[in-house]
Amino acid sequence: MQNVSNYLSITFIIIALLAAGAFYRAANNSRLTLGILLLWLLVQALVARSGFYTITTGFPPRIGLLLGPPMLLIAGLFLSNSGRRYLDGLRLETLTLLHTVRIAVELILLGLFLHRAIPQLMTFEGRNYDILAGLTAPVVYYLVFRSKLLDAKGLLVWNFVCLGLLANIVVNAVLSAPSPFQRFAFEQPNVAILHFPFVWLPSCVVPLVLLAHLAAIRQLLKKQQNLTLGK
Numbered sequence: 016m017q018n019v020s021n022y023l024s025i026t027f028i029i030i031a032l033l034a035a036g037a038f039y040r041a042a043n044n045s046r047l048t049l050g051i052l053l054l055w056l057l058v059q060a061l062v063a064r065s066g067f068y069t070i071t072t073g074f075p076p077r078i079g080l081l082l083g084p085p086m087l088l089i090a091g092l093f094l095s096n097s098g099r100r101y102l103d104g105l106r107l108e109t110l111t112l113l114h115t116v117r118i119a120v121e122l123i124l125l126g127l128f129l130h131r132a133i134p135q136l137m138t139f140e141g142r143n144y145d146i147l148a149g150l151t152a153p154v155v156y157y158l159v160f161r162s163k164l165l166d167a168k169g170l171l172v173w174n175f176v177c178l179g180l181l182a183n184i185v186v187n188a189v190l191s192a193p194s195p196f197q198r199f200a201f202e203q204p205n206v207a208i209l210h211f212p213f214v215w216l217p218s219c220v221v222p223l224v225l226l227a228h229l230a231a232i233r234q235l236l237k238k239q240q241n242l243t244l245g246k
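Using my numbering, the first residue of the sequence shown is number 16, and each one after it goes up by one.
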């Protein structure tokens, strides 16, 4: 986008790659995981650079291809035996720390708002409180995995709360993007996600954050169930 500085774009590229790298570490340095992530990032970059997502008329909306495929993949992981084994093998402590990336993402969103690429409601000055998840992630990590002052139940509650924060901003972002479903921010729609590199936010960063929460919740609930059954 011409009205967004190169500094902001380059910074976000680094943030997205760091998020992918953190999930790669959570997946025990799985080469398959890394390959899928890098391939998906490349595909979305090429599609966005072609201007495909800037065509906002028609149905279904093209931006559905940003979030749709990752959601189907996540669903597949939970519905298949091999997928569930994969989820249970993810490193819980790394999944927790991954959420610190949300601090940087919120600062990027503020910058995009100042460049008139997203509406104010998508920032922490508006309806977006997702930065709280990022700020508390290292604290929760320390309390659970280092000092042991917070137990698995506390970590489970934190994951559910932060999952709610994520759902809030995703709904507001989708409903403020130019599409037949737009309901907010007609004076300044969410156009940033139609362009590279910011297409990586809904197509990669958000799904990784979502999967980190869902995998952690699954592991923690399974742990509680095993304790109840005396396993």
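It should be emphasised that the hints constitute simulated quantities derived from the structure, not laboratory data.
Be aware that a few hints might be false.
Listed next, the in silico SDA-like pairs over lysine to any residue satisfying Cα-Cα at most 20 Å (straight line) [what the hints assert, rightly or not]: (1) Lys-238 / Val-155; (2) Lys-237 / Leu-178; (3) Lys-238 / Gln-135; (4) Lys-163 / Pro-153; (5) Lys-238 / Leu-190; (6) Lys-238 / Val-159; (7) Lys-163 / Ser-95; (8) Lys-238 / Glu-108; (9) Lys-237 / Pro-153; (10) Lys-237 / Ser-95.
*So which hints don't hold here, by number, going up?*
Numbers 3, 5, 7 and 9, in rising order.
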